[in-house]
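**Student:** Sequence:
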Amino acid sequence: MKITVLNGSPKGEQSVTLQSALYMQRMFPEHRLEVFHVAQRIRKLEEDSRAFDEVIDSVSSSDGVLWAFPLYWLLVHSGYKRFIELVHERGAAKAFDGKYAAVLSTSINFFDHTAHVYMRGVCDDLGMRFAGSFSAEMGDLLEEGERERLTRFGGQFFEAIGTNAPSQSQHNPLPETRFRYKPGKLARKVDTGGRKVVILSDHGKIGQGNRGANLAGMANRMGEIFGEPAELVNLNDIDIKGGCLGCIRCGYDYHCAYEGKDGYIDTYNRKIKTADIVVFAGSIVDRYLSSRWKLFFDRSFFNTHTPSLSGKQFCFLVAGPLRELPNLSEILKAYTELQRANFAGIVTDEELNSKTIDRLLEDLAGRAVKYAGTGYVQPRTFLGVGGAKIFRDEIWSTIRFPFFADHRYFKRNGLYDFPRRGVKDWIFHGVMGLLTRFPRMRQEIYSRHIVPNIVKAHRKVVEGQVLK
Numbered sequence: 000m001k002i003t004v005l006n007g008s009p010k011g012e013q014s015v016t017l018q019s020a021l022y023m024q025r026m027f028p029e030h031r032l033e034v035f036h037v038a039q040r041i042r043k044l045e046e047d048s049r050a051f052d053e054v055i056d057s058v059s060s061s062d063g064v065l066w067a068f069p070l071y072w073l074l075v076h077s078g079y080k081r082f083i084e085l086v087h088e089r090g091a092a093k094a095f096d097g098k099y100a101a102v103l104s105t106s107i108n109f110f111d112h113t114a115h116v117y118m119r120g121v122c123d124d125l126g127m128r129f130a131g132s133f134s135a136e137m138g139d140l141l142e143e144g145e146r147e148r149l150t151r152f153g154g155q156f157f158e159a160i161g162t163n164a165p166s167q168s169q170h171n172p173l174p175e176t177r178f179r180y181k182p183g184k185l186a187r188k189v190d191t192g193g194r195k196v197v198i199l200s201d202h203g204k205i206g207q208g209n210r211g212a213n214l215a216g217m218a219n220r221m222g223e224i225f226g227e228p229a230e231l232v233n234l235n236d237i238d239i240k241g242g243c244l245g246c247i248r249c250g251y252d253y254h255c256a257y258e259g260k261d262g263y264i265d266t267y268n269r270k271i272k273t274a275d276i277v278v279f280a281g282s283i284v285d286r287y288l289s290s291r292w293k294l295f296f297d298r299s300f301f302n303t304h305t306p307s308l309s310g311k312q313f314c315f316l317v318a319g320p321l322r323e324l325p326n327l328s329e330i331l332k333a334y335t336e337l338q339r340a341n342f343a344g345i346v347t348d349e350e351l352n353s354k355t356i357d358r359l360l361e362d363l364a365g366r367a368v369k370y371a372g373t374g375y376v377q378p379r380t381f382l383g384v385g386g387a388k389i390f391r392d393e394i395w396s397t398i399r400f401p402f403f404a405d406h407r408y409f410k411r412n413g414l415y416d417f418p419r420r421g422v423k424d425w426i427f428h429g430v431m432g433l434l435t436r437f438p439r440m441r442q443e444i445y446s447r448h449i450v451p452n453i454v455k456a457h458r459k460v461v462e463g464q465v466l467k
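All residue numbers for the sequence shown refer to numbering that gives the first Met the number 0, where the first residue is 0 and numbers rise by one.
One thing to keep in mind: the hints can contain errors.
[What the hints assert, rightly or not] Distance condition first, Cα-Cα at most 16 Å in a straight line; then the derived EDC-like pairs of lysine to aspartate or glutamate:
#	residue 1	residue 2
1	354	393
2	388	416
3	93	142
4	93	53
5	195	275
6	1	46
7	369	158
8	181	62
9	93	143
10	93	33
11	188	158
12	1	230
13	188	416
14	188	53
15	195	158
[To be verified] Computed beta-carbon distance windows for the label pairs:
#	residue 1	residue 2	range
16	385	25	21 to 27 Å
17	240	154	39 to 45 Å
18	416	377	17 to 23 Å
Read the hints as simulated data drawn from the structure, not as lab findings.
Idealized CB from N, CA, C, for every residue including glycine.
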């Protein structure tokens, strides 16, 4: 069999993910893997139609496609995202139709599920027959047991192709946006109290239909609502030379390989990090926002795993069927919580009523200003807490080198908050462990004492008693 491997790493041959694909080739020498470094060569594929056609021709003549990529900010790399967009823009989707597909990723298992859900949707949109996914930890290939697991995954992929196994789509096609938003007369302005508002949008070069128009309309209306002039920054106007290189030069002291070579870092530091309220405005392109937005998020990794927008108010404006994409909603919420910012809310153009959208925008702006004034940040959910603990544990142990900048920040700000027991805790748990070994005592404790004692301290707070 011939398998086309679409490598989503900007490091090309130096990709850890690619080594897993090549190991599959070694274990199944009767099959041939043809590798294309589509993320690393995305500029070439954009500018040279022959180079792009070479990839598509390989897909057309293949028995299957292996989507292989490392995780970049809760999804695939921006270059990979752009390649997927090119497939649709250039009418090349038919080359993928009916082909068997498998997904292989490497990461620290940090939001790998959102990347896999996205790629499964991409495969369904392309009419591919999905044959499984494999999410490896970065060092798994070095472990014998994990190599055996990878080999079984590869065997199942080839078997599915060989036996013409059936496959069922998990995603419905996304509906087109037919509604056109037309802002009405501005009812009122929101006094920002001198707080800085920045609106980031990518309208203008994508979604020339209703989505693009709706996005521009919502972004501009949001800017008009704020009493103090909000600064509108179009991502298409920022000088961005390229995507994240995965070089990890930023790991020691946050210095990026692009520093001084384009306008991204200056824009991020001077405009976004100094804002009190940040409005993110984007149109849905396939099952995410645009690759330009993905480029923006990827390049923010010069801050590595350190929250760089803590305490800010995040507002999201989305043009397109967000209700059909709970995975994207989760990504936006997770991004907010991982930044330790506040999720002020989302407004989309799905209401199909311009007056309603106007009111929703005014309400969102008002809430964002109110939250900014009080410094309110919602409690984090599993998305933020779980993600932060993965970072904490990995930086403490596995990836402290090369991410020394993260280690210093986490240590200085008390983020190494591993569970610690004091002397009282040791004594309490030791005594309770001893007592519960006796059946009658265990019955007494569990049936009569645990629940009342859990709520006891909380009742004291409700009754106004000061706890020490």
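**Student:** List, from low to high, the hint numbers that the structure doesn't satisfy.
**Tutor:** 1, 3, 6, 7, 8, 9, 10, 11, 12, 13, 14, 15, 16
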